[in-house]
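The primary structure of each chain is shown beneath.
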Amino acid sequence: MSEENWIEVGSTDSIEEEDLIRFDHQDKTFCVYKLTDGFYATDGICTHEAVHLEDGLVMDDEIECPMHQGIFNIKSGEALSPPACEDLKTYPVKVDNDKIFIKID
Amino acid sequence: MKNNIIILGGGQAGIYAAREIRQNDSKSNIKILGEENLLPYERPPLSKDFLLDKKKAEDLYFHSSDVLKNENIEFENISINKVDFENKKLFANNDNVYSYDSLLISTGSENKKLTLDNNLKNDIYYLRNLEEAKKIKEIVSNKNKITIIGGGFIGLEIASSLSQLQKKVIVIEIGNQLMGRVIPKQIADLVQNTHIEHGNEIILNKQIEKITKKNDDYEILLNDNSLIETDFIIAGIGSTPTVKLFENTNLKLDNGIVTNQFCETSIKDVYAAGDVSNFYHPFYERNMRLESYQHAQNHGICAGKNIAGVKTEYTSIPWMWSDQFNLNLQLTGICDEYDEIIERGNDINNGVIYFFLKNNKIRGACGVGVIGKVGRDIRITSKLTEKDTIVDKQILSDQNLKLNKLIQK
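These protein sequences, in sequence, are chains A and B.
Under our numbering, the first residue of the first sequence carries the number 1, and numbering increases by one thereafter.
Under our numbering, the first residue of the second sequence carries the number 1, and numbering increases by one thereafter.
It is worth saying that the hints were derived from the structure and are not from the lab.
Check the hints yourself; a few may be wrong.
[To be verified] Using 27 Å as the maximum straight-line C-alpha spacing, the simulated DSS-like pairs for lysine-lysine come out as follows: (1) A:K89 - B:K55; (2) A:K75 - B:K402; (3) B:K56 - A:K89; (4) B:K135 - A:K99; (5) A:K34 - B:K383; (6) B:K405 - A:K75; (7) B:K387 - A:K34; (8) A:K28 - A:K103; (9) B:K405 - A:K34; (10) B:K135 - B:K82; (11) B:K402 - A:K34; (12) A:K28 - B:K48; (13) B:K56 - A:K28; (14) B:K213 - B:K145; (15) B:K383 - A:K75; (16) B:K27 - B:K112; (17) B:K268 - B:K82; (18) A:K89 - B:K54; (19) B:K168 - A:K28; (20) A:K28 - B:K55.
[What the hints assert, rightly or not] Negatives, chain A to chain B, calculated, CB over 10 Å: (21) T12; (22) D27; (23) T47; (24) G56; (25) H68; (26) N73; (27) S76; (28) K89; (29) T90; (30) D96.
Computed from a prediction, not measured in an experiment: that's the story for all the values here.
Backbone N, C-alpha and C fix where the C-beta goes; we use that ideal spot for every residue, glycine too.
The whole structure should be built from the sequences, with the hints applied where relevant.
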């Protein structure tokens, strides 16, 4: 695990609890979430149709796509409700000195 | 106990019911009888990504044949032409007879057809199934000026797709607004503006008097004596529940098959779900018939539970969407019973939502915006509706205030 793969997203207070922010890096887009037990990250685009999940609804451990209500588990990326059937990719997250980092492979 | 369960109708409600039954009942035989020689597939992309070649036919199946095989769900392509509810038998057009202990009817709905001279019947196209979508896709590639009769969801989605394929599109609607059956005029007008901005012509308040074929083209005469020349005609003028098979039986029909909140019909061991069912909704305390993706899925699941003996009320708050150009339109609940309307936002780029309230509680809402801009708020609205929450109207009307503040945990 090389250190340079950890990318700084922002400060821990940039996300409200049970909410998310969008984070773009190079040509990819990610969503970074603050849940009650910590920070998580997934791909930023729904696997059903190419729509940004940044406008989706975070409830408990789930993100719901704003376009067609496909639901994913934020921690595992599992597609929980149709029309989404393909899982969402997830990424490791760490917090260091009140800053959030995600590990992009 | 091992039962024979037959699901008549191979659409979305049918497949979701089948899988739900299997979740709760590992022993019974489950057989889906479908009129199309295709496993159940998603219909929403037919008017959009399929026409635009962004999705292929094979991308549309809900589940692969392996899933059905693993769950021991049989699918048979067959047309049933007689039902004997008393002896619990279905008769097929090839003389096969199917006996059931429990029957789910999920035959869906079918397109209303224009009343026309017989010699024009094959000239007007309709879109409901994959076969029809394939035909339209093939033929429009050689057409330039296309007329769509009916300004409802299907007509407008096709209009949006054909415009994106650089076709000249004319939409003729008999009513004084687009999507008039369920969408508030304020929202319909925003959608109409987007069509016009993309070059589509929208004609409201006009009836068709006559269609005349001129070589390979057509002339459409409207009731104001104006004439439209066109080289292809698609009609989307609504649908009716597919109930012909049951018309001379004891099954209670009234705008579809009448069911209670448990998907039970007037005949014991016979259930109905999806578009074909006029069901009792306990939250709204009335019967309704819905034609939507979410309803077909959830109503099928609810029927599946009840057939498997898990008594479950159907309480889903209705929800549907339509995608046209870069817009996503969403509707939740019922927007025709209200004493107050509240508007949230006024710019389609940030999303515009109209809430319909009765006694300070939301009964329904309709919103439209650039893709992604109304979904979260509409979803929260469904939850607020379901929980019968008395809402803070200040928060509803101010787009700078987040709606999730209204959800009581």
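Now for the hints, and whether the structure bears them out:
Restraint check: the Cα-Cα separation between K89 (chain A) and K55 (chain B) comes to about 22 Å, which is no more than 27 Å; the hinted pair holds. Simply put, K75 (chain A) and K402 (chain B) have alpha-carbon atoms about 24 Å apart, close enough for the 27 Å limit, and the pair holds. The hinted pair formed by K56 (chain B) and K89 (chain A) meets the criterion: a straight-line CA distance of about 24 Å does not exceed 27 Å. A distance of roughly 56 Å separates the Cα atoms of K135 (chain B) and K99 (chain A); the hinted pair therefore is violated under the 27 Å criterion.
In summary, the hint linking K34 (chain A) to K383 (chain B) is supported, as the alpha carbons are separated by about 22 Å, within the 27 Å threshold. Proposed proximity of K405 (chain B) and K75 (chain A) is supported: the alpha carbons are some 24 Å apart, at most 27 Å. Taking the CA atoms of K387 (chain B) and K34 (chain A), the gap is about 25 Å. The hint holds against a cut of 27 Å. Among the hinted pairs, K28 (chain A) with K103 (chain A) is consistent with the structure: their alpha-carbon atoms are about 13 Å apart, no more than 27 Å.
A hinted pair counts as satisfied when its Cα atoms are at most 27 Å apart, and K405 (chain B) with K34 (chain A) qualifies at roughly 17 Å. With a CA separation close to 30 Å, the supplied pair K135 (chain B) and K82 (chain B) exceeds the 27 Å bound. Between K402 (chain B) and K34 (chain A) the CA atoms are separated by roughly 17 Å; this keeps the pair inside 27 Å, and the hint holds. Restraint check for K28 (chain A) and K48 (chain B): satisfied, since their Cα atoms lie roughly 26 Å apart, inside the 27 Å limit.
Restraint check for K56 (chain B) and K28 (chain A): the C-alpha separation of about 26 Å stays at or below 27 Å, so the hint holds. Among the hinted pairs, K213 (chain B) with K145 (chain B) is consistent with the structure: their alpha-carbon atoms are about 15 Å apart, no more than 27 Å. About 23 Å separates the Cα atoms of K383 (chain B) and K75 (chain A), which keeps this hinted pair within 27 Å; it holds. Under the criterion of a C-alpha separation no larger than 27 Å, the hint pairing K27 (chain B) with K112 (chain B) is inconsistent with the structure, at around 40 Å.
Between K268 (chain B) and K82 (chain B) the CA atoms are separated by roughly 18 Å; this keeps the pair inside 27 Å, and the hint holds. For the suggested pair K89 (chain A) and K54 (chain B), the alpha carbons sit about 22 Å apart, so the restraint of at most 27 Å is met. Annotation: proposed proximity of K168 (chain B) to K28 (chain A) is violated, straight-line Cα distance about 36 Å (limit 27 Å). Restraint check: the Cα-Cα separation between K28 (chain A) and K55 (chain B) comes to about 23 Å, which is no more than 27 Å; the hinted pair holds.
For T12 (chain A), the shortest C-beta to C-beta distance to chain B comes to about 20 Å, beyond the 10 Å cut-off, and the non-interface label holds. Interface exclusion of D27 (chain A) from chain B stands, the closest Cβ pair being 19 Å apart, more than 10 Å. The claim that T47 (chain A) is not at the interface with chain B holds, since no C-beta of that chain comes within 10 Å of its own (minimum 13 Å). Chain B draws G56 (chain A) into its interface by the beta-carbon criterion, the shortest separation being 6 Å against a cut-off of 10 Å.
Not every beta carbon of chain B lies more than 10 Å from that of H68 (chain A), the smallest distance being close to 6 Å; the non-interface claim is violated. Every Cβ of chain B is farther than 10 Å from the Cβ of N73 (chain A); the closest lies at roughly 17 Å, confirming the non-interface assignment. For S76 (chain A), the shortest C-beta to C-beta distance to chain B comes to about 20 Å, beyond the 10 Å cut-off, and the non-interface label holds. With a minimum CB-CB distance of about 19 Å to chain B, K89 (chain A) clears the 10 Å threshold, and the non-interface call stands.
Remark: the non-interface label on T90 (chain A) is consistent with the geometry, its nearest Cβ contact in chain B lying 21 Å away (cut-off 10 Å). Chain B leaves D96 (chain A) outside its interface by the beta-carbon criterion, the shortest separation being 29 Å against a cut-off of 10 Å.
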